[in-house]
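Engineer: I would like the entire structure built from these sequences, with the hints used as guidance.
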Amino acid sequence: MYKIILSFRYLLKRRISYLAFLAVALCVFIVVVVMTVITGLVRDFKVNNHKWVGDCIVGTESLVGFAYYEDFIKRIEKSDFIEGISSVVKSYALVRGRDSEEGIGIEIMGIEPVKHSGVTGFGETLYHRKNDVSKAFVPAHDPNLVGCVVGIDRWLVRDAKGRYSYEVSPVEAALLVSCFPLTSKGALAKAGAGLVNTKTFYYSDTSHSGLARVDSSFVYLPLEEAQLLCGMGGSVKRISAIHIKFKPNVKLEDGCDKVAALWKKFIEEKKGEKQAELLDTVTVQSWKEYRRPFIAAMEKEQTMLTIMFALVGVTTVFIVLVVFYMIVSHKSKDVGILKSIGVSKVNIIELFSCFAFLTGLLGCVVGVFAGWLFLLKINQAEDFLFEHFGFQLWDRTMYAIGDIPSAIDLKVLGVIIVSAMAACLAGAFLPSWQAAKLEAVEALQVSQL
Amino acid sequence: MSKDDFILKAERLYKSYRMGEAEVSVLRGVDLAVKRSEFVAIVGASGSGKSTLLHILGALDRPDKGAVSFEGRNLSRLAEGELNKFRNKMVGFVFQFYHLLDELSVLENVFLPAMASKSVFGWLGSRRWARGRAKELLGELGLSERANHKPYQLSGGERQRVAIGRALMNEPRILLADEPTGNLDSATGNGILDVFERLNGAGQTIVMVTHDERIAQKAGRIITLSDGKIR
Chain A
1 MYKIILSFRY LLKRRISYLA FLAVALCVFI VVVVMTVITG LVRDFKVNNH
51 KWVGDCIVGT ESLVGFAYYE DFIKRIEKSD FIEGISSVVK SYALVRGRDS
101 EEGIGIEIMG IEPVKHSGVT GFGETLYHRK NDVSKAFVPA HDPNLVGCVV
151 GIDRWLVRDA KGRYSYEVSP VEAALLVSCF PLTSKGALAK AGAGLVNTKT
201 FYYSDTSHSG LARVDSSFVY LPLEEAQLLC GMGGSVKRIS AIHIKFKPNV
251 KLEDGCDKVA ALWKKFIEEK KGEKQAELLD TVTVQSWKEY RRPFIAAMEK
301 EQTMLTIMFA LVGVTTVFIV LVVFYMIVSH KSKDVGILKS IGVSKVNIIE
351 LFSCFAFLTG LLGCVVGVFA GWLFLLKINQ AEDFLFEHFG FQLWDRTMYA
401 IGDIPSAIDL KVLGVIIVSA MAACLAGAFL PSWQAAKLEA VEALQVSQL
Chain B
450 MSKDDFILKA ERLYKSYRMG EAEVSVLRGV DLAVKRSEFV AIVGASGSGK
500 STLLHILGAL DRPDKGAVSF EGRNLSRLAE GELNKFRNKM VGFVFQFYHL
550 LDELSVLENV FLPAMASKSV FGWLGSRRWA RGRAKELLGE LGLSERANHK
600 PYQLSGGERQ RVAIGRALMN EPRILLADEP TGNLDSATGN GILDVFERLN
650 GAGQTIVMVT HDERIAQKAG RIITLSDGKI R
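So the sequences go chain by chain: A and B.
Under our numbering, the first residue of the first sequence carries the number 1, and numbering increases by one thereafter.
Under our numbering, the first residue of the second sequence carries the number 450, and numbering increases by one thereafter.
Treat the hints loosely; a few may be bogus.
To be verified - Far from chain A, by Cβ distances over 12 Å, these chain B residues were calculated:
1. Ile456
2. Ala494
3. Gly652
4. Gln666
To be verified - Taking CB as the label site, the calculated pair distances span:
5. A/His330 with B/His598: 18 to 24 Å
6. B/Ser474 with A/Val346: 30 to 36 Å
7. A/Ile307 with B/Ala516: 58 to 64 Å
8. A/Gly390 with B/Asp551: 30 to 36 Å
9. B/Arg485 with A/Met326: 42 to 48 Å
Simulated from the structure, these hints should not be mistaken for laboratory data.
What you are looking at is a predicted structure, and each value in this text was computed from that prediction instead of being measured.
Ideal Cβ placement from N, Cα and C applies to all residues, glycine included.
Structural biologist: This is the structure we're talking about:
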């Protein structure tokens, strides 16, 4: 009991203890804020990436695509682990306005909007047709025309606060989309005949996926139109990928393994058929594998930040060690007194460890509270700074970041608190050990007082 | 006199310290025996080894050679844990510089030895008794009004009485006092000696170290230490 009482008194009555506690609180505050922001960014980025594709992607990077997708879909659509399936055509194209001569390179994605929304978050990314995805490609001004959905950053300008100025209803605008159709062998299908397929689409909506590259380069078209543009129509239709959504209780890896097994069997059965060789270029990937090139960069940044803040943790250990050295050297008389009344070495270590624990605990409580408070107001603070001083953490006209993530991840918070407590105990251990080794007679010598 | 009448016995105690290159012999074969309820004063000049002897008798220090036995048990054969228990239960120390913990109140300083020997739960069970005993001791020492004060708010004499209260908390068999009046004026010092005499009258065994022959006269027996030996 005396250990707890003395620890509290050392903490509250020794000004030097405030240094240790403030060092811990400051480190915890910084790490909580930075890790919450960076973890939030990575989490949002992953969620947005997942929402943009299915759980599992059976697809090829080849612009030729692959055939017999309908047969495969028929085979798997009744499987008990699958919730939805969407066929996708993905290719490159040039787009220009009706009165413009200058084409801009874009990526096109051919989809069936209802099916694709059942597999991905496509429906949620729309603005005008969010509540009726079936009309995603129906222009508001003339339902008989073929519409297209444009990535939001291709269509609307973001203001400095990161907001888009949406139109009340979609404007009337025609986009001429040109593609190089390819044969199943990969040759130009229209060699000697102008090379490109061009079709006019009418702007029907924007898509805001939250992924900067996607929102600035993709135009979504009806699946069949995209197939025709890319030369994937005809008697043996082709697509680029099949996006699959699993039922909620299905584990991602298990689902992908099942699809891969079914695909392997399917390829075997199709061997020898026309264009069957295209099936060999197809891979079965989970959304994490499929989007790995994009997610990995973000995760790498997160890892680097984590390492940097682990170094902050090491600094905390050092500060606590120095402060404890000073405290313990001032407390050698107390150690002598305690030993003279029969307190053991272990109890001396426990006393100073208890002191370190309380220092860490109080530092964590204050640091977490300050961090929580700061995060609660971080977006308002940024708005204030932007309005009055023109300062922004990220230039919203350049980065696809809306609000700064401020939701504290309890798992991350737990790791931070445990690490801070461990840092305090580690920092206090050596001085505690030295205090415990001190002989009572030495500690009580007049020269030590 | 039977063997059991001695509560504390020291036989052929040797102790030396290294001071730079030189080795200084402090104790050179000290023999000492203290009977129950005896009040013994050890006198000697500064540096004669009085405090070293007292520390060895109370197991705060170990001799280089020789043995100390307490109630027939050789202290050098006790394990670390047993020595801690010995210092907590059997001996009460009173130091020249009082050595109170500044962070604790007077009352807490007094019941500290009782608290130190108990776990958290053990303490919860005996807390009421310990506080009562500490208050009783403070009452006997005339410090009832000072129970909630901090040591730095007390005079030297009051602090030394608090230290005596702490030393008596666990009802030790022997009280070891190292120059208990050395830091006090003569009137206050006499007050402390009166307390010792009263305690000894009640049967408390006391070994007191002092350099002042006049103070030593209060003890029942005076032992003179000179050049590391009993004269």
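Engineer: In terms of Cβ atoms, is chain A entirely out of 12 Å range of B/Gly652?
Structural biologist: Check passes; 22 Å lies beyond 12 Å.
Engineer: Is it true that the C-beta distance of A/Gly390 to B/Asp551 lies inside 30 to 36 Å, as the hint says?
Structural biologist: violated (54 Å)
Engineer: Is it true that B/Ser474 and A/Val346 lie within 30 to 36 Å of each other by Cβ?
Structural biologist: holds (34 Å)
Engineer: Quick check on a hinted range of 58 to 64 Å for A/Ile307 and B/Ala516, using CB atoms only.
Structural biologist: Given range 58 to 64 Å: holds, Cβ gap about 59 Å.
Engineer: Could you let me know if the closest chain A CB is still more than 12 Å away from the CB of B/Ile456?
Structural biologist: Correct as stated: the minimum Cβ-Cβ distance to chain A is 18 Å, above 12 Å.
Engineer: If I claimed the Cβ atoms of B/Arg485 and A/Met326 lie 42 to 48 Å apart, would that claim hold in this structure?
Structural biologist: 46 Å Cβ-Cβ, so the 42 to 48 Å window holds.
Engineer: Has the hinted range 18 to 24 Å been met by the Cβ atoms of A/His330 and B/His598?
Structural biologist: For A/His330 and B/His598 the Cβ distance comes to about 22 Å; the hint holds.
Engineer: Would you say B/Ala494 is clear of chain A, with no C-beta pair closer than or equal to 12 Å?
Structural biologist: Non-interface label stands for B/Ala494: nearest chain A Cβ at 17 Å, farther than 12 Å.
Engineer: The output says B/Gln666 does not contact chain A. Does that hold with a beta carbon cutoff of 12 Å?
Structural biologist: Given that every Cβ of chain A is farther than 12 Å from that of B/Gln666, nearest at about 26 Å, it holds.
The structure shown violates just one earlier hint, number 8.
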